[in-house]
Amino acid sequence: MGAWPSLSNLVFALIFTAGVGYFTYNMRRLIVLIKKGRPVGPVGHRKQRWRNVLYIALGQSKLIKRPVSGLMHLLVYLGFIIINIEVLEIVIDGLFGTHRIFQALGPMYGVLIGTFEVLAVLVLVAVIVFWMRRNALRIKRFLSPEMKGWPKTDANLILYFEMVLMGLFLMMNATDLSFQQMNQGNWISGSIYTLIEHWPAQQLHIVERFCWWAHIIGILGFLNYLYFSKHLHILLAFPNVFYGRVNPAGQFENLDSVTEQVKLMMDPSADPYAAQPEGTVPDKFGASDVTDLTQVQLLNAMTCTECGRCTSECPANQTGKLLSPRKIMMDTRDRLTALPKEGDKKQLLDDYISREELWACTTCNACVEACPVSIDPVSIIMAMRQYLVMEQSAAPSELNVTMSNIENNAAPWPFNQQDRGNWINE
Amino acid sequence: MDKALNVPTMAECQAQGKLPEVLFWVGCAGSFDDRAKKITKAFAKLLQASGVTFAVLGAEEGCTGDPAKRSGNEFLFQMQAMMNIEVLNAYGVGQIVTTCPHCFNTLKNEYPGLGGNYQVMHHTQFLKNLMESGRLKVSGGTFRGKKITYHDPCYLGRANGEYEAPRSLLAALESELIEMRRCKSRGLCCGAGGAQMFKEPEKGNKDINIERSEEALETGSSYVATGCPFCNTMMTDGVTAKGAEAKVAVMDVAELIAKAADL
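Protein chains in written order, with this note's numbering: chain Z, 168 to 593; chain X, 4 to 266.
Bear in mind the hints are in silico, worked out from the structure with no lab data behind them. It is possible that some hints are incorrect.
With a Cα cut of at most 20 Å, we get these calculated EDC-like pairs of lysine to aspartate or glutamate [claimed, not checked]: (1) Lys-40(X) / Glu-593(Z); (2) Lys-202(X) / Glu-593(Z); (3) Lys-149(X) / Glu-182(X); (4) Lys-149(X) / Glu-179(X).
Source: prediction; values computed, not measured.
Start from the sequences and build out the full structure, keeping to the hints where you can.
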């Protein structure tokens with residue numbers, strides 16, 4: 168080991184700073200985007216919310232409801248989190264020119280790395296199965312129209328990233344002569360080493376260095392890929408579950424702006440001609456674009472990882488309707504990320520989400536129930552229906568009839584309110 | 004015509020200075036739809052048989068606003084809600100029971116924010132309590148050993164987490180409950196929710212109620228039980244469309260219990 172800092176330490180510091188720096192820059196952009204939404208009121212039920220983070224996000228309680236994909240996801244998730252302890256060692260080694268600094272832990276180190284190696288193999292297996300599910304087995308939820316093009320490429324790129332990173336990790340250990348000679352924790356890489364034992368030490372060293380650098384550069388690359396990918400869920404799932412629904416799923420928010428108006432209408436002493444204070448902008452009802460949605464709804468959209476469990480449970484989608492809750496979330500995200508570029512040349516309604524999709528929803532909440540990370544597509548559908556009905560009077564004509572019946576005789580059908588008790592004597 | 008049911012209105016109760024235990028919120032379907040009226044009557048008979056004092060609002064009841072809200076017409080919903088809340092609060096109503104999960108959900112979850120705070124129960128929850136306290140005797144009768152499948156209404160199940168009350172009543176009927184492939188939290192909607200009841204479905208390759216009815220028929224049950232007048236309509240239509248109406252009856256849980264008790 169030469170004097171510190173060597174050229175490679177400096178190069179490492181540069182790459183590391185650039186990687187973390189660009190990631191931080193993009194996370195700030197992400198926060199700016201989410202803040203384009205309407206702020207939400209005070210966040211109550213904190214105890215329940217933390218419990219949700221513990222069970223739903225960390226514990227993956229909803230994912231496991233589909234045992235096959237759930238278990239494999241758990242493997243990849245655990246593997247990735249735990250193996251990333253290794254990244255800490257790599258960073259320290261890279262910056263300070265040490266080699267496997269955690270070896271100071273003694274025999275514990277072997278156990279640690281051995282566990283990582285086993286997990287790496289399990290992750291590799293799970294990721295290969297995931298790839299087959301997406302590309303070889305014809306699983307319906309991966310074949311929907313919204314999954315064509317970039318979403319499919321994105322999903323596969325993530326899997327390739329993970330395969331390569333796990334492969335590099337194992338190869339890095341297998342070619343590390345001192346680590347192999349220590350013969351502790353090389354539970355998997357030991358077998359690879361026996362295949363390449365005859366390589367000259369110099370060659371082993373070069374391959375080891377290559378794998379080491381490629382591994383850390385790959386991780387930094389993956390970190391920076393997140394912002395451009397559905398894979399952002401590995402970070403956003405946690406805040407998203409925290410801010411997710413804590414009320415019964417059937418409880419739709421009452422619009423305060425409407426309450427004010429209705430109270431005014433029902434107050435006999437209110438002056439209907441009273442001038443609004445100077446500069447008041449009337450509230451817009453419902454949502455025609457992403458800026459009308461709440462910050463939580465936008466966070467929902469950025470968190471969606473396009474797994475499609477919502478769509479596969481949706482009664483409208485299952486019976487061939489255009490509605491796909493996953494597409495609602497993807498459209499919201501795509502419009503939001505395109506907002507700086509498109510400005511008001513486009514909007515979420517019509518340019519992204521069609522009216523036919525919105526009116527096909529039965530508000531049955533199957534999508535909300537199915538989402539492993541507490542995304543609520545129904546709330547966006549409802550907000551957009553509110554815009555259509557209250558700002559544009561653009562409900563399907565049968566619903567206009569229903570609503571005028573309710574207005575006129577307090578029932579969705581044209582029966583006289585005075586006859587409501589007739590059943591008693593019939 | 005059945006024997007007159009003699010159900011008082013809240014106005015009549017108040018005039019006599021009596022406050023009933025519970026208000027029976029009948030709902031629009033329960034008041035006007037011929038099929039749903041049978042559910043209303045069956046439940047009223049069960050209440051009477053259990054010695055529960057109850058009243059209805061009659062002409063003073065109006066749509067809770069659920070279909071308006073789910074259509075996106077928040078104005079109309081809140082107008083309906085505030086009018087109903089004024090009536091309910093004027094009578095000092097404390098406890099409400101309803102045979103419609105949509106009314107149940109709206110009254111329970113969406114009225115409190117507008118000043119209407121009541122203890123709201125779905126009729127299956129109320130009947131389960133009556134059964135457990137011994138006021139209502141539930142026994143199998145003609146349903147003993149019969150195969151029954153239960154369709155979870157979305158606004159009772161997923162929306163409010165109530166899966167057990169209707170099932171415990173069916174168990175008390177000593178029937179054989181056969182679950183559909185998709186049940187409880189994964190139950191498939193009948194297709195009526197979100198104001199779909201009042202419009203034609205969007206273009207697709209199947210109607211939702213047909214999909215659900217096929218699943219119900221697959222269980223080989225003689226009865227499809229449910230707890231919602233709209234689910235009842237959708238499932239009845241679906242079963243009829245599949246030509247199975249002679250073999251399979253769609254009935255509300257309250258109707259099954261009333262029939263078993265020969266009410």
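Checked hints:
Between Lys-40(X) and Glu-593(Z), the direct Cα distance comes to roughly 10 Å. Compliance with the 20 Å bound is thereby established for this hinted pair. Distance hint between Lys-202(X) and Glu-593(Z) is unfulfilled; the C-alpha atoms sit about 29 Å from each other, more than 20 Å. Distance check on the hinted pair: Lys-149(X) and Glu-182(X) sit about 13 Å apart at the alpha-carbon level, within 20 Å; holds. This hinted pair checks out: Lys-149(X) and Glu-179(X) have alpha carbons roughly 6 Å apart, not beyond 20 Å.
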